[in-house]
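Here are the chains, one letter per residue:
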Amino acid sequence: MNYSLSDEIKLPPPSSREVAGLSLRNVDLRETSRRRLKLKVQEFFIEKFLFLNGLTSIIIIALIFIFLFKEGVKAFTEIKPFQFIGTHIINFSGQEVFAYIWQPVGEQGKYSLAPLVLGSLLVAIPATVIATILGVGSGVYLAEIASRRRREWMKPVIELLAGIPTVIIGFLCLSFLGTAVQNLFHTSFRLNAFVGALGVSLVIVPVIATITDDTIRAIPDDLREAAYALGATRWETIWKVLIPAGISGITASIILGMGRALGETMIVLMATGNAALVTLDIFSSVRTMTATIAAELGAVAQGSAQYYALFLVGATIFTFTFFLNLIAEVVINRMREKLKL
Amino acid sequence: MKKIIGIVLAGMVFLALGSLQAAEHITVKGSDTMVILAQKWAETYMKAHKDVTIMVTGGGSGTGIAALINGTTTLANSSRPIKPKEMKDAKSNNIVPMENKVAMDALAVIVNAQNLVNELSIPQLEAIYTGKINNWKEVGGPDHRVMRYSRESNSGTYVFFKEHVMHDKDYAPDCQNMPGTSAVAEAVSKDSWGIGYGGVAYFAKMKELKVLRIKKDDKSKGVSPLKQDGTVDFEAVWKTEYPVARYLYCYSIGKPSGKVQEYLNWVLSKEGQTIVEEIGYVPLKQMK
Amino acid sequence: MKCKRQLSGMIFEWTARSFTLISMIALITILGVLFLKGSQVITWEFLTSEPLDGMTRGGIFPAIFGTISVTLLMIILALPLGVASAIYLVEYAGTGFLARTIRAAVNNLAGVPSIVFGLFGVGFFILFLGRNIDKVLQTGLLFGQPAMLWAAATLSILVLPVVIVSTEEAIRAVPLSHREAAYALGATKFQVISRVVLPQSLPGILTGAILSVSRGAGETAPILFTGCAYFLPRLPVVTIPYLNIPMINPLDQFMELSYHLFIMATQSIDAQATRPIQYGTAFVLITLTFLLNLSAISLRIYFRRRHKRR
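Which chain is which? The protein sequence lines are U, X and R, in order. 1 is the number of the first residue of the first sequence in this note's numbering; add one for each residue after it. 342 is the number of the first residue of the second sequence in this note's numbering; add one for each residue after it. 630 is the number of the first residue of the third sequence in this note's numbering; add one for each residue after it.
Please note: incorrect hints may appear among the correct ones.
[As the list claims (entries may be wrong)] Simulated crosslink set (DMTMM-like; lysine to aspartate or glutamate; CA at most 20 Å straight-line):
1) U:K110 - X:E460
2) X:K510 - U:E43
3) X:K424 - U:D221
4) X:K568 - X:E460
5) U:K110 - X:E504
6) R:K633 - U:E78
7) R:K818 - U:E43
8) U:K40 - R:E809
9) X:K424 - U:E78
Calculated directly from the structure, the hints in this document are not laboratory data.
Working from the sequences, and respecting the hints, build out all of it.
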C-alpha cells in the first residue's frame, strides 16, 4: 500500500497525538501543508535509504564474486593454466608421467586442482547420500506419521542438530569417531573421507529433514483424501502420492544439502587427513578444497603464486555452491507456483 | 528517533576513542614447533615486566615470515631460515628482516612404540617420504604399508625436512598432512604403522611413541636425539652428531630496539635459555 | 490378520521412525559425551581465569570474553542492516524482478561456504578496506591487519540471511488490518512501519538476533585469519583516557572459544594433557549455543501460539 488516505481526501492528516476521528479545530492550513511536505520529503529519503539496504545482499554477493575472481585470475599470470590440471614429473622408475599433484611449496610448485576437487566430492557425495536417507526419512516421519505433540518437540530437536558448531563435530570425529571407524572397518587411514562424510552428514540432515517436512505438509489435503478414498494405506499414500508430489521440494533440499556439504570446512579440516590424493577409495585420506584454503591461507605471503592459487580454489568452490544454490532456488520457485494453482 | 541517533553516535565516538588507544604490544607469530616455547617465554616475561604485552600466535614458520613481510607482526618465529625469495618480497615492502638465533632443536623421527624398527638412515627416510619405499618390510619392519604423516606446507618443519632429509624432492601424495606437531604425535601414537617427524620436545614424554636413531648414511652409526634417560642429548646436537639438528630463529624487523630488544636479550639470557631446556629444546651452546 | 500391504507399510513406517531416532540419538550422544567429559573440568576458576602453562592448566576466560565481544560487535553491525533490508523487501519491493533477485541473493548468501567468507574477509575487509582506510587516515598499519572489527564484519555478513529471513517472517505476521487501520488514521508509510509494524515484530526480530548470535559464536572458518589469536591473556579492552571507562577495543585481536578448541585439538603441545580442557571448552561452547538456540525456538513457539489465539 503506497498511498496515504489523507492524500485522496485532501484534508490535513491529524497529528499522531490526536485520536481517530476528524477534527477541524486547531487547524492552520498553511502549517499543516508545510508539515505534510516535510513528511513527504522524509518518506522519500527513508525509502531510498531502505532501498540501498535492500540491495546489500546483492552487493555483497557481487563483491565476493569480484574479489575472489580478481585475485584468482592473477594466478594464471604466475602459473600456466594447464598446470591446474596436472604436471609432468619423473617417477621412481625414471619414466616421465603425467601426475595430479597439489604441492605448492617447493622448488617447483605443483598446483593441480584435481585431487582437491575430487577430495571435496568424495566427502560431499557420500555425506549427501547418508543425509538424504536419514533426512527424507525423518522429514516424512515428522510430516505424516508423528503425532502432533511428538512433532512439536521432535522438530526443534532436529533443528538443534543444525546448531552444533562444526568445530565440535570435527573435534569429536578427530578424537573418537576416527578410531571407532578404524576398529569397525579396519581401514588403513584412521582419518579418511568416510569419517569426514559421517561428520558432514550430521550437519546436513536437519537441512533436508526440515525442508522435506515443510514440503510434504504444504501438499493440499485433497491429494491425501483421494488416495485414502481409493483404499491406500498410509504408507502407500506417502510413497506413491505425497513423495512424488513433493519431489521438487525434496530435490531442492538435497541440492541445498550437497551445497552445504561441499562448503563445509572445519569438519573436513580435522577429520579427513588432508592428503592430496586422487582416489575413489572412500576409506582413503583426502584433501578438500575448503580444507586446503583453511590450512594454507595463513601462511602465504601476499602476492605469491600460492596466494593467488588459493583464491582461485576459493573462486572454484564458490562457483560450485553458487550454481547449486541457484538451481535449488529455481526448483523451489517452480514448486511454489505449481502449488498455488 | 533522535534518541536512537544520539546513542548510536555516542557509541561510535566511544569505539573510535577506544581503537585509537591501540595498546603497545609485541606480536609474535610463526613456527608451530616454537609456539610452546614462545608462549612460555611470553608468560614468564610478562610476569616480570607488567608494562609489556606479548601476543603469541602459531600457524607455521611460513605464516610468521609472511606476516613479517606483510608487516602484521613484530617478531616472526621460524624453524627454518628465511628463503631468498621471501627476503626479496620483504625488501620490496621496505622491511629488512634480521635473523636472531634463539635456540636449537633436534628434529625427531618417530614411529609407533610397537614398531620393531629402531633406526633409519637419511637415504631410507628420503625413500620412505618420497614414496619410493611403501612397505615396512623394506626397512626391516613388519609386512605392512607405511602410513606417512607429515605437516602442512606452511610449517618450517615441513620445509626443513624437505630440504635436508628429502633433498628437495616432493613428498608422496598420500602423506597425511597434520596441522601441528602434536597432531602428528597423536596420529602416530594411534597408528601402529605410522611414521612422523617433528620437534623432539613434543615426543619425548609420550610412551606410545618411539624416537628413532638416525644414521647419516647406511654405514654410519645411528644417533638418537635422546639420552638413555629420555632427556634430550644436547651434546649430540651441538657437535652435529645427530644429523637432523637445526637452529630455531626469531626474525625481527630490522635491528630490534626498545622493548623488543629487551625481550630478545632476555630470551638469549640464562633465564630464557633455561626455559628452552625445560620445554625440551636445545639451548644455544654459548649459554652453557 | 493384517494383509501384506499393511505389513510392508508398517515396516517402512518403522524405518522412517528409526531414521528420525538415529538423528536424535546422534544429537544426544554428542551432548552426552561433551557433558560427561567436559563438566569435570568446569569450575568457577576455569571460567574466570586465563590459560597457563601452555594451556595445560588454567581457564578459558579470555576466550569466553572474546566470543562475547565479537558476537556483540557482529550483532551491532548485522541487525540494523538486516532489519532495514527485510523492511524494504516486505513493504516496498513488491513482487517484481528486483524483489526476486534480492531474495535469490539472500538465499544464496545463506549457502556460501564459511571459508569463502574468511577469504573475503581477508581479501576485502583487511587488505582492501583496512589498508585504504590506513592510507586515507595516515594511521600506518592500524586498520589493515586482523582485528576484532573485521572478524565481526565477516561474521555479520555470514549471519545477515538469518536476520533478514526472521525479520521478514515477523513483519509478514503483522495482520493487514493493523496496517490499514493506521493508514485510515492518516499515518504515512514510514509511520506505519515504525509505530505499528516494527513494535509488533520485535519478538521475531529478537528471535532472529538470538539465532544469529548462536550461529556466529559457533563459526570458526571466517575468523581463522581475520582476528583470532592463539595466546592472548590480556583482554581486548582499553581504558578511555580522562573518562577511565574500560571499553572493548575493536582493533585488537582476541581469543575465541571455537578457535581455541580448534587450536588445542590440533596444535597444542600435548594433545593428551589438554584433552580435558578441550572437552571443557567444547562443553562451554555448546552450552552457550544451545541455550541461545533453545531460547530462540521457545520464543518463536510462544509468539506463534499467542498469534494463533488472536
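Given hint E460 of chain X paired with K568 of chain X - CA-CA distance at most 20 Å
15 Å, holds
Can you confirm whether the C-alpha distance between K424 of chain X and E78 of chain U stays at or below 20 Å?
19 Å, holds
Is the hinted pair K110 of chain U and E460 of chain X satisfied, with a Cα-Cα distance of at most 20 Å?
32 Å, violated
Mind checking the alpha carbons of K510 of chain X and E43 of chain U for me, to see if they're no more than 20 Å apart?
69 Å, violated
For K40 of chain U and E809 of chain R, compute the direct alpha-carbon distance and say whether it is at most 20 Å.
19 Å, holds
Is the straight-line distance between the alpha-carbon of K424 of chain X and that of D221 of chain U 20 Å or less?
The hint is violated at about 71 Å.
Quickly compare the C-alpha distance for K818 of chain R and E43 of chain U to 20 Å and report which way the hint goes.
Distance ~7 Å between K818 of chain R and E43 of chain U Cα, so the pair holds.
For the pair we were handed, K633 of chain R and E78 of chain U, check the Cα-Cα distance against 20 Å.
At roughly 68 Å apart (the allowed maximum being 20 Å), E78 of chain U and K633 of chain R break the hint.
Next pair to validate is K110 of chain U with E504 of chain X; report whether the Cα-Cα distance is within 20 Å.
17 Å, holds
In summary, the structure is inconsistent with hints 1, 2, 3, 6 from the numbered list given earlier, while agreeing with the others.
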